[in-house]
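J.: For chain R, the structure is supplied; the task is to place chain G on it using the hints.
The chain contents come next:
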Amino acid sequence: MSSTAAGDLAHAGHGEHVHAGGFLTTYVFSRDHKIIGLQFLFSTLLWFFVGGLLALGIRWQLAWPWAEMPIVGNLLFASEGGQISPEFYTMLFTMHATIMIFFVIIPILAGAFGNFLIPLMIGADDMAFPTLNMLSYWFMWPAFLAVGASFFVEGGAASAGWTSYPPLSVITEAAPASGTGQTLWLIGITCVGVSSMMGSVNYLTTIIQMRAPGMTMFRMPLTIWGMFITAILQAFALPVLTAAGFMQLADRVVDTGFFLPEGATANNAPMEAGGGQPLLWQHLFWFYSHPAVYIMILPAMGMVSDIISCFARKPIFGYKPMVFAIAGIAGLGFIVWGHHMFVSGMNPYLGMTFMVSTMLIAMPSAVKVFNWLGTIWRGQLQLTTPMLFALSFVSMFIIGGLSGIFMAATPVDIFIHDTYFIVAHFHYVLFAGTAMGVFAAIYFWFPKMFGRSMNDGWGKVHFLLTFIFLNGTFFPMHILGAVGFPRRLADPYHYATFRHLQPLNEFMTYCAILMVASQAVFVVNFVYSMFFGPKAGRNPWHANGLEWSAPSPPGHGNFDFQPVVYRGPYEYGSPESDADYYPQIQPPPEQEAAGAALEEAKT
Amino acid sequence: MSGKFWAFWLLLVPILGVATMAAGPLYGIWFPRDVSAHGHAIDHLFYFILWLTGIVFVGTQLTLVTFVWKYQAGKRQTVEYTHGSHHLEVVWTILPAAALVFIAIYQMNAWAMEKMDRPPGKPLAEVTGRQFEWRVRYPGQDGELYTPDDIFDVNDLHVPVGEEVLLAVKSADVLHSFFLPNFRLKQDVVPGMKQFVWFTPMETGKFDVVCAELCGWGHYKMKGQITVESRSDFDAWLARRFEEQQATHETAGDEES
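Read top to bottom, the protein sequences are chains R and G.
428 is the number that my numbering gives to position 418 of the first sequence; each next residue is one higher, with no gaps.
1215 is the number that my numbering gives to position 46 of the second sequence; each next residue is one higher, with no gaps.
For reference, chain R alone in the conformation it holds in the complex (with noise of 0.2 angstroms):
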């Protein structure tokens, strides 16, 4: 700590940009946390666009099954006369989950937000292993480019879903796509893993051994809380998902049978290896992904915690309750997995055990929402754009919460699983949750990061829009599953159960649509904000973190002082302070005093 602190002093000594080396080392290969921050933002914002682009495909085939797609669909599908075909549309929900779950939700809360607020949240000049972050970052890269490039293989990108269940992603027979395709997955899959891991040490280390004098663990915002958490998630979670995927691999190119049972067929050739249990596959790969729903949606919950304290000007209520539901939800969410596995096969006495422990895990989930409701409760609520995405996100979390009720009960699971009612559920947790949120944080943090503030109107008309269009391509889809419209078939409406459901599906492409288009107005508004957004001081939102007793942007080492930290991060309306907030840095009157003596001294 004490050569941190000098450090710091030293940075400060000999102004903001000290070290040395040109464009490559400073914005490419930097081992500054918060360029790397930046880097995860744009990598992720980028794939954002391609995931969003991808489901409109998939919502085309849903409206217009087959249907000749206007434009793209003769660049894209000449030899089907611009017609999805059906192994394309595979590929397309495949892929779309694929890149929002691994290069957009777990890179951008963790690689992005966690990278850059860590550090200048505990008053930490830096990461505590720049190196390991720098290839945290660049270890995405081999994923980009498998995945990316598996898109212009033979067969295609992997078709086998998300979740890449064998025997179909195993054997190359099973799928046009379980070729390559498949083989590029596992790799990329293993290199975000890779990523993750180098990502969750170092942030269990910056925030164990970092902070700053005075900084408590119970005086950290909920947003680190919320990252130190996942953290943990990931580091024990994520050894097992790469094992898998190695096993995978192996059943793939060396013909092991880790998940290839006895005598089964493939397009009625018998399949090569035998001895394994498909499940296994199931059971390994849920373990980790599980627990990657809570990676995805903690640090969400966090910075959301954060931006409603600011802006309703009050504390958070029940800090250490909110802290303990953090936990509690991950320690649950690692006994959790089987619930994935209802209809699976797997032994129903098994299911009524993942099914009581599935069902505890709402009750943290309902602490926090209680809690944020008692914080805003007699505030002095400041409407601006990121707390309408933290607002929103509290109003979408109860949906997505509520409706989890629904498929932990395991005989409505029966009739529920893998219907529109699971992609509705996880769709208000993970879009209209997390992405709310990132939308609420981005507007937040943007004066940080850039030293310009974004526009605020344009901030509420992107909202609005966003808020509208999201709840209409989402919510007729519990009304979907309560038909039992199935996910992932091309074309649903052959069976006569479901003819019917065809014009509700234009509506909710109508919907996506206009949602997706709505992000012109985020995209414009950040990079004119970017050049051209009103400068920000170091602290624009009055706002108690130590991130905002930082430059705008900060410099290299974060700090031009020590920060030492006096009270936890939620004295808003606090009546020991004038102003109606109280910063974590701001000393006790009785030690102003000593505090402009040590001022002095420095300078």
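Keep in mind that the hints were calculated from the coordinates and are not lab data.
Here a beta-carbon is modelled for each residue, glycine too, at the ideal position from N, C-alpha and C.
Here are the computed lysine-lysine pairs in the DSBU-like style, where the Cα-Cα straight-line distance is at most 35 angstroms:
no.	chain 1	residue 1	chain 2	residue 2
1	G	Lys1291	G	Lys1375
2	G	Lys1363	G	Lys1291
3	G	Lys1239	R	Lys545
4	G	Lys1392	G	Lys1375
5	R	Lys330	R	Lys470
6	G	Lys1291	G	Lys1390
7	R	Lys545	R	Lys470
8	G	Lys1390	G	Lys1375
9	R	Lys545	G	Lys1173
10	R	Lys470	G	Lys1173
11	G	Lys1363	G	Lys1375
12	G	Lys1173	R	Lys330
13	G	Lys1239	R	Lys330
14	G	Lys1392	G	Lys1291
15	G	Lys1239	R	Lys470
16	G	Lys1390	G	Lys1363
Computed beta-carbon distance windows for the label pairs:
no.	chain 1	residue 1	chain 2	residue 2	range
17	G	Ser1254	R	Ile478	34 to 40 angstroms
18	G	Met1282	R	Ala337	33 to 39 angstroms
19	R	Asp265	G	Met1285	33 to 39 angstroms
20	R	Ala337	G	Gly1223	25 to 31 angstroms
21	R	Asp588	G	Phe1174	27 to 33 angstroms
22	G	His1252	R	Pro544	30 to 36 angstroms
23	R	His552	G	Ser1254	22 to 28 angstroms
Here chain R is said to cover these stretches of chain G; the calculated rule only asks that three of the stretch's residues, wherever they fall, bring their Cβ under 8 angstroms from a Cβ of chain R:
no.	region
24	1358-1369
25	1384-1392
T.: For chain G alone, kept in the frame of chain R given last:
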């Protein structure tokens, strides 16, 4: 724009949410007709959870709307400087926990009925999923599967009405899922495993058999049909199938595994 403006948009969530759930049944975008003896247990649980979560949904959303409406910055009001309330935390931890534990226990019978209490006796037929069709095998006169008098069919499962039907389900290649929306029944079929499903059809008619687990590019067209008919019709159909099979010397016995 004032807080009231934004409160209005947030208010649309509970209003349109409830309206959508109410409009679904009105416009037939709701559960397909239940024609099984046990399906009502699942539907009942769904409605029970729908009411419970519906109340919580409306309650929490209206609270949010009210707070956004009332507590705007700049209004003459004192900020409640509080870090929380231990009592409230206890209350809103215990109440959801109690409700959730209740739901957990309440549903166990339905689960046991669907997946644990397998009726005794031999299966009426064996259904095998394969890319991209459902193959059905009846045991024939001797009541034993895998004997020369087995009767075969593809994508058409016939069952007698009013009797408890036990089916053996399996897969020949990749994962599939045997989904009967009108019978509230779903079971993934896994190569290397043999599973059983059971249900009692209560109405005659033809209903969809859906594959609900991704099984490849042709997943969408893996469509079967279940025909529920009277016992006499069923027996007559089986006999007719058997004769047809004999007549064409169909030896469809080589494709199963």
